[in-house]
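With the sequences and hints as input, model every part of the structure.
Each residue of the sequence shown is one higher than the one before, starting from 0 at the first, in numbering that gives the first Met the number 0.
Note that these hints are calculated values from the structure, not bench results. Incorrect hints may have been included.
[Said to hold, decoys possible] Straight line, CA to CA, 30 angstroms or less: simulated DSS-like cross-link-like pairs of lysine-lysine:
1. Lys5 - Lys15
2. Lys46 - Lys2
3. Lys83 - Lys66
4. Lys15 - Lys67
5. Lys66 - Lys15
6. Lys67 - Lys2
7. Lys5 - Lys67
8. Lys15 - Lys2
9. Lys46 - Lys67
10. Lys5 - Lys46
11. Lys15 - Lys46
12. Lys2 - Lys66
13. Lys83 - Lys67
14. Lys66 - Lys5
15. Lys66 - Lys46
Being a predicted model, the structure only gives us computed values, none of them experimental.
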Amino acid sequence: MNKEGKTFDNGRTRQKFCCPFRKSKSGCCPCNHRNWNNGKKNRGCTKYITIPDDYRLSIDRDCLSFKKIYALRTEAERYNARFKQTGQERVWLHSFNAVRNPNTIAHIALLAVAIASVVTHSDYSVRCLKSVKRIA
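What follows is the structure, encoded as structure tokens:
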């Protein structure tokens with residue numbers, strides 16, 4: 000079923016889905032659906048799904064673009080969790096340059112661990128900085 004627009008009626012929003020073969024000029028349905036030959040020019044099924052008013056519930060989580068963005072977001076969250084394990088969230092230094100140096104070293108260490116795990120084709124456990132500290 001393909002998206003064919005939205006309708007707004009009675010204070011609700013509905014997404015319209017239609018059969019992809021609805022406007023084909025052939026005389027038969029490729030999937031032998033019972034609603035194909037309804038005597039009208041536009042054949043096939045048409046369904047409506049009510050979209051909730053809450054924006055979070057209206058997101059299409061099966062969409063390819065959502066999955067790509069979600070993968071990037073979770074990747075950034077995993078990196079931030081690893082950075083937090085280095086102990087850099089509690090700053091004990093006062094000047095900007097003094098804080099920047101340990102943070103730079105922590106980022107270099109995390110990137111080195113990530114590169115080492117990619118080069119050696121190791122599993123997820125080596126990507127964790129704590130396990131590398133134990134090995135070294």
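Going down the list of hints, with the structure as the test:
1. Our distance criterion of 30 angstroms between C-alpha atoms is met by Lys5 and Lys15, whose separation comes to about 6 angstroms.
2. With a C-alpha separation of about 10 angstroms, the suggested pairing of Lys46 with Lys2 holds against the 30 angstroms cut-off.
3. Of the supplied pair hints, the one linking Lys83 and Lys66 holds, its CA atoms being roughly 25 angstroms apart against a limit of 30 angstroms.
4. Restraint check for Lys15 and Lys67: satisfied, since their Cα atoms lie roughly 25 angstroms apart, inside the 30 angstroms limit.
5. A distance of roughly 22 angstroms separates the Cα atoms of Lys66 and Lys15; the hinted pair therefore holds under the 30 angstroms criterion.
6. In summary, the hint linking Lys67 to Lys2 is supported, as the alpha carbons are separated by about 20 angstroms, within the 30 angstroms threshold.
7. At roughly 25 angstroms between alpha-carbon atoms, Lys5 and Lys67 fall within 30 angstroms of each other, so this suggested pair holds.
8. A distance of roughly 6 angstroms separates the Cα atoms of Lys15 and Lys2; the hinted pair therefore holds under the 30 angstroms criterion.
9. Of the pairs offered as hints, the one joining Lys46 and Lys67 holds, with about 27 angstroms between alpha carbons and a cut-off of 30 angstroms not exceeded.
10. Using a Cα cut-off of 30 angstroms, the hinted pair Lys5 and Lys46 holds, with the two alpha carbons roughly 11 angstroms apart.
11. Distance hint between Lys15 and Lys46 is fulfilled; the C-alpha atoms sit about 6 angstroms from each other, no more than 30 angstroms.
12. For the given pair, Lys2 sits about 18 angstroms from Lys66 by alpha-carbon distance, which is consistent with the 30 angstroms threshold.
13. Taking the CA atoms of Lys83 and Lys67, the gap is about 25 angstroms. The hint holds against a cut of 30 angstroms.
14. Between Lys66 and Lys5, the direct Cα distance comes to roughly 23 angstroms. Compliance with the 30 angstroms bound is thereby established for this hinted pair.
15. Of the pairs offered as hints, the one joining Lys66 and Lys46 holds, with about 25 angstroms between alpha carbons and a cut-off of 30 angstroms not exceeded.
No hint from the list above goes unmet by this structure.
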